[in-house]
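Asker: What follows is the residue order along each chain.
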Amino acid sequence: MAEKVLMKGNEAIAEAAILAGCRHYFGYPITPQTEVAAYMAKRMPKIGGTFLQAESEIAAINMVYGVSATGKRVMTSSSSPGISLKGEGLSYLAGADLPALVVNVQRGGPGLGGIQPSQSDYFQATKGGAHGDFHMIVLAPASVQEMAELTVKGFDLADKYRMTAMILADGTMGQMMEPVSLDFAEGEKVEKPWATNGTKMARPHNVVNSLFLKPEQLEKTNFERFERYETIKQNEVMYEEYMMEDAEICVVAFGIASRVSKNAINEARAKGIKVGLIRPITLWPFPEKAIAAAAEKVKKFISVELSMGQMIEDVRLAVNGKAPVTLCNRTGGMIPEPEQVLAAITEAAK
Amino acid sequence: MAVVFDKPHALADVPLHYCPGCTHGIVHRLVAEVIDELGIEGRTIGVAPVGCSVMAYDYFNCDMIEAAHGRAPAVATGVKRSDPENIVFTYQGDGDLASIGMAETVHSAARNENITIIFINNAIYGMTGGQMAPTSLPGQVTQTSPYGRDTSLCGFPIKVCEMLSQLDGPEYLERVAVNNVKNVKNAKKAIKKAFENQVNGKGFSLVEVISSCPTNWGMTPKKALEWIDEKMIPYYPLGVYKDRSAEK
Chain A
8 MAEKVLMKGN EAIAEAAILA GCRHYFGYPI TPQTEVAAYM AKRMPKIGGT FLQAESEIAA
68 INMVYGVSAT GKRVMTSSSS PGISLKGEGL SYLAGADLPA LVVNVQRGGP GLGGIQPSQS
128 DYFQATKGGA HGDFHMIVLA PASVQEMAEL TVKGFDLADK YRMTAMILAD GTMGQMMEPV
188 SLDFAEGEKV EKPWATNGTK MARPHNVVNS LFLKPEQLEK TNFERFERYE TIKQNEVMYE
248 EYMMEDAEIC VVAFGIASRV SKNAINEARA KGIKVGLIRP ITLWPFPEKA IAAAAEKVKK
308 FISVELSMGQ MIEDVRLAVN GKAPVTLCNR TGGMIPEPEQ VLAAITEAAK
Chain B
58 MAVVFDKPHA LADVPLHYCP GCTHGIVHRL VAEVIDELGI EGRTIGVAPV GCSVMAYDYF
118 NCDMIEAAHG RAPAVATGVK RSDPENIVFT YQGDGDLASI GMAETVHSAA RNENITIIFI
178 NNAIYGMTGG QMAPTSLPGQ VTQTSPYGRD TSLCGFPIKV CEMLSQLDGP EYLERVAVNN
238 VKNVKNAKKA IKKAFENQVN GKGFSLVEVI SSCPTNWGMT PKKALEWIDE KMIPYYPLGV
298 YKDRSAEK
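If you read the protein sequences in the order shown, they are chains A and B. For the first sequence, the working numbering gives the first residue as 8, with consecutive numbering after it. For the second sequence, the working numbering gives the first residue as 58, with consecutive numbering after it.
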């Protein structure tokens, strides 16, 4: 067991990325994720890596595209309005089947919104993120330890499936400090014969491209990509179940909302209410089977979110009408308090 | 029999899709000749733009990347930072480089990013069918300036070399043309220098190539080449706008 260090979530992401073999970071300052950039600015020059503050979020994601095309691990991080700007690049990364790690430490929106924690980019992250038929693997940490672990995991998944893995954190996860164990080794190196790193006059040229002018060809690449997505849905779903064995009420929550919910669940249990939690760790692929299985025995579902209710749509799809699903939420940078969640649980238990 | 004229190795042996009289073919060939002459094909990575030359990725034998509209200098920055031994060039038109990608252009120049940019200025959006470009001349008739570019409504053309020359960053900026043999020869020299600068670690080198678009200018190929002399070059004077190695 490695020694634990006290770190901010944003710093844990940066250090974990370095341990995962990432030597190229491109970013642009935006609250509440700027510590990732600041950490990289300090560390990268000392280890022969690249930290570059780009002229915009758009440029940063396209620098990521360039490094990824050469076959190396690369990342960028931002917060909600900046992720919107990166949307163009996210779509091109998907179209060209390039791996990348992108971090979104969410703040409230829409528009300039605020700088307090939010989960209101759920739709954007899980349903694609920009134009065209594509998905990203979306990982939702609920502790500083998971900020680090899922960063390492994200790089591995991105390389394995040639796509973007997004860490969908919220401002709380980025800013809070917790002890974290950074006992990571670089994952297994994935061969990248498609990389544009120079032919060395030894092979035909490689082309990294997302343009397919013939519709038959574009359809084929999309079909193939979605076959890969099916494999991911089969193999890579992650979630945590908490007190679900005998639960009659199921709370579904991720990130900071899941921690608030656990407090509320503990209090409800003390009052004799049989309530449990399903915490999605992968938001895409969504743990729909686990929720569908719970729907066979649970009487009510509560989706706890820092948004106007976005994940609740995926919960309802998985529950498939077998039980009512209600929303317990705050938004705009507000965080539900355990009392609010407890009240929702108590109401559901009536 | 001695071979006196051959296709450069770096230029793929495929038919180009360009219109009759378009000068993209000439510039592609010049770039490929330079890659051959410098012996850098195996470590060169080209970045294609969005626009008429979008399919340049099929026309060069070196590794190629297709970038989003205007983002080629950012993509090239990533490729170069990935491994400084990579020789990286972008090939961009005026809409790509001077309109939607202006920020990427200016900042890669300001950083003196050690890349080579081939900038095709034909004063029009070709691929989408002839709309007003950031470099369209005052009074120029296009699909989106049907009464002629009215500078009181849509401002003035952007002179990229002049503008970038105000920055401390860039190593080398030159404007050339490819409308006659003499100009083509000068263009070749400039493109070669722009690649040599990168090989020698000198930094950001951009060659603006005044080019023709007979199709969207509504002219014969011959008339289009004459129009370059009559209208384009007086507005966009040829020459070296910055050369730091010459200053030293």
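These are calculated hints, taken from the structure and not from any lab test. Be aware that a few hints might be false.
Just a few of them, taken from the derived set where beta-carbon distance is under 8 Å, the chain A residues facing chain B [said to hold, decoys possible]:
(1) 122
(2) 130
(3) 213
Pair ranges (Cβ atoms, derived) [said to hold, decoys possible]:
(4) A:222 with B:212: 21 to 27 Å
(5) A:184 with B:303: 37 to 43 Å
(6) A:192 with B:188: 51 to 57 Å
(7) B:211 with A:331: 21 to 27 Å
(8) B:224 with A:195: 54 to 60 Å
(9) A:238 with B:290: 55 to 61 Å
(10) A:138 with B:62: 44 to 50 Å
(11) B:159 with A:12: 51 to 57 Å
(12) A:196 with B:256: 26 to 32 Å
Using N, Cα and C, we set each Cβ at its ideal position, and we do this for glycine too.
Asker: Hint by hint, note whether the structure agrees.
Answerer: Hints versus structure:
1. 122: violated, 24 Å
2. 130: violated, 23 Å
3. 213: holds, 5 Å
4. A:222 with B:212: 21 to 27 Å: violated, 38 Å
5. A:184 with B:303: 37 to 43 Å: violated, 55 Å
6. A:192 with B:188: 51 to 57 Å: holds, 53 Å
7. B:211 with A:331: 21 to 27 Å: violated, 57 Å
8. B:224 with A:195: 54 to 60 Å: violated, 44 Å
9. A:238 with B:290: 55 to 61 Å: holds, 57 Å
10. A:138 with B:62: 44 to 50 Å: Check passed, 45 Å falls within 44 to 50 Å.
11. B:159 with A:12: 51 to 57 Å: violated, 44 Å
12. A:196 with B:256: 26 to 32 Å: holds, 30 Å
In summary, the structure is inconsistent with hints 1, 2, 4, 5, 7, 8, 11 from the numbered list given earlier, while agreeing with the others.
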